[in-house]
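Residue numbers (the working numbering), protein chains in the order written: chain S, 89 to 484; chain X, 89 to 484.
Mixed in with the good hints there might be a few duds.
Same chains, same names: a pair is fine if it fits in one copy or spans any two.
[Said to hold, decoys possible] Below are the DMTMM-like pairs computed for lysine to aspartate or glutamate, each with C-alpha atoms no more than 25 angstroms apart in a straight line: (1) Lys355 with Glu343; (2) Lys355 with Glu300; (3) Lys355 with Asp167; (4) Lys117 with Glu348; (5) Lys117 with Glu300; (6) Lys290 with Glu343; (7) Lys204 with Glu358; (8) Lys171 with Asp443; (9) Lys171 with Glu140.
Worth flagging that the hints you see were computed from the coordinates, not collected in a lab.
Protein chains: 2
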Amino acid sequence: MNHEIGVLVVLFVVFVAAQIGAEIAQRLKMPGVVGEIAAGCIIGPSVLGWVEITARLEVIAEIGAIILLFAVGLETRLDDLKKVGRSATAVGVLGVLLPFVLGGLWGHYSGFATPKAMFVATAFVATSAGITARVLQEIGVLDRIESRVIMGAAVIDDILAMLLLGVVTAVQGGGEINVPHLLFVLFQAVGFVVLIAVAGGKIMRRSSNLLEAPINPRSPLTLSLALCLGLAAAAAYIGLAAIIGAFLAGMVLAETRQREVLEQQLKPIEALMVPFFFVVTGANIKLTELANVEALTTLAVITLLAIVSKLVGCGLGAWSMGARSALIVGVGMVPRGEVGIIIASLGRQAEVISDSLFAIIIAMSLLTSVVAPPALTALFTRAPKAVPAADPSVPN
Amino acid sequence: MNHEIGVLVVLFVVFVAAQIGAEIAQRLKMPGVVGEIAAGCIIGPSVLGWVEITARLEVIAEIGAIILLFAVGLETRLDDLKKVGRSATAVGVLGVLLPFVLGGLWGHYSGFATPKAMFVATAFVATSAGITARVLQEIGVLDRIESRVIMGAAVIDDILAMLLLGVVTAVQGGGEINVPHLLFVLFQAVGFVVLIAVAGGKIMRRSSNLLEAPINPRSPLTLSLALCLGLAAAAAYIGLAAIIGAFLAGMVLAETRQREVLEQQLKPIEALMVPFFFVVTGANIKLTELANVEALTTLAVITLLAIVSKLVGCGLGAWSMGARSALIVGVGMVPRGEVGIIIASLGRQAEVISDSLFAIIIAMSLLTSVVAPPALTALFTRAPKAVPAADPSVPN
């Protein structure tokens, strides 16, 4: 029985630590995920040593990451994009391009091989739309044009980040890059994403009824979860990250008429599973890796680079909206979060990223997520205020 | 990456097999759980050998069992009992006593040591109210007095089964029984259950607001899940089964005003996690253990004993309602299911129950669950029909 007790106590400690961390962070007006990762760092080997990362805990954390990206995909609606089309596309594309190029250059000049530099650059890319959306919702400006552009650009951003991650993970392990192999990998990754997003989306729009076919009363959800697990396994099988498959499954299902029900039903599952991912991520941070001047300098440089590259990239994309709006959009796109953290975790598992770089990238993600919300609030509340709209359908 | 792919493929195969099994069973008018266990048996080592039971899969199955018993607890309302008080109490108590005594005697005469015989007897006890409730709901007789007595008795039945399981698990490992130790264990098990059920229930009724204290938007659910994991770990720590703690957590929360929200939020989590428990249970059945005359004879004897003991015990308890109603109540209490299967799994893990006996007990649980629904439907539809009531709040 001792063995069973051990597992249960670990699950309990991890889950409670996540709740306490999230609660403290939120009361300090920071995103909950910051608190969950900090809690993991504290109960992990780095500080208290209460929790050891076992294979059992890791599989639960991985399911958490898959569920999280599935939910992000489910909130990624191609319709959001059409409404603000041109500006959002420019913001999304430039907001990915500039951080990727600058991150890659930094990696190159730090002496990393090209595949590793590309991996690091990918962790620079992904905006956490969830954090920004929550801030926009709290201050009641979701109906403003800047907010719509941000949410639309976040869709492009997510898709491009997944595409980049697909290419970059597939390139790893080949050591140096050879062009025919890279082209093949690029073709395969893009093919997988485009095939599923386009064909899957079309099938779902036409035949949402398929999801209701089983007589199981929980059928739309169970079929959707099966699709999520299936595409995650398929993505991993062809050498992409599993979360890409989960994200695509969500994106495809976002086109069905059961989308809102699914989003609602996914929230309790997220509440149970996702904290395990963030706490395990925090527990994997070796604080000692940050406790020297070199690491802290690198952290400062990377964080600055991450902020400036998004601000400038997205600001340029939104320039036609006027300087102030461009600034708002740029700041709104600064927070990295879930996706960047997952990418860093993947890199650590695949041993592309060292413990030190892992700790630095997580810290950078957290810093951008902590810095952006107050700046955004200040920019919006000093600007002429529009009629606040309470839209309960927005992701928190 | 190969390792990660393996885990994901297993999760996908297990989940999809469960859905297909449940769908086929339900279309054949059998409970979904029968199909999930059969699916596990087919994809497991016994037949196709697609899935191996690893530690990682087992921890997910265990979380599934904990979530399931948490949900059963949440549906266990002391109020249901008060309405039909005396009859339900008599039905519940006699319906536990007779199967336990007859099961224990059978075990004794089969030559088992007393602790083992008690364990087997406990697997005889627990009625699966969920299966009966679904049948009653489908034929629209939930408002009939017999239905109310069945649902009330199921509450008593669940509580007594958990109490018995507590005593019986704690007695294991001591080899033969010594009276002072048994009394201590009895006291500890009863103390834990009564303390949490009574004191916890009181605290919850008075201070439901506590669940709303965190600013986390998912707070009633997250605190409840923390309580569930915490009491599961606590129960395991003092030598009881973890599911007893989960059940008590649910029962305590059933007294809060957030009960219905929690029940709704738990359904998606059940949809994801519980199938893993049943498929793993099925995969653990060694079909070869059933493929001989002796095992099949034992199965026939045990199944008959299980049916007759419930029918007579519960029928006696309901005798004051008239012979026909007593028969209906007796038949309604026959299905074993989740709880009996979990008890058998615990026994197998603790090596109290042999592979052969495990296969037999699972088969008995399934048989009683398959036999009772058509009998119940026949009895009700031939009796004078009452006004059908559609009560969506009933557990499925």
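Handout entry: Hint check against the structure, violated hint numbers in rising order
Key = Checked against the structure, the hints that fail are numbers 4, 7, 8, 9, while the rest are satisfied.
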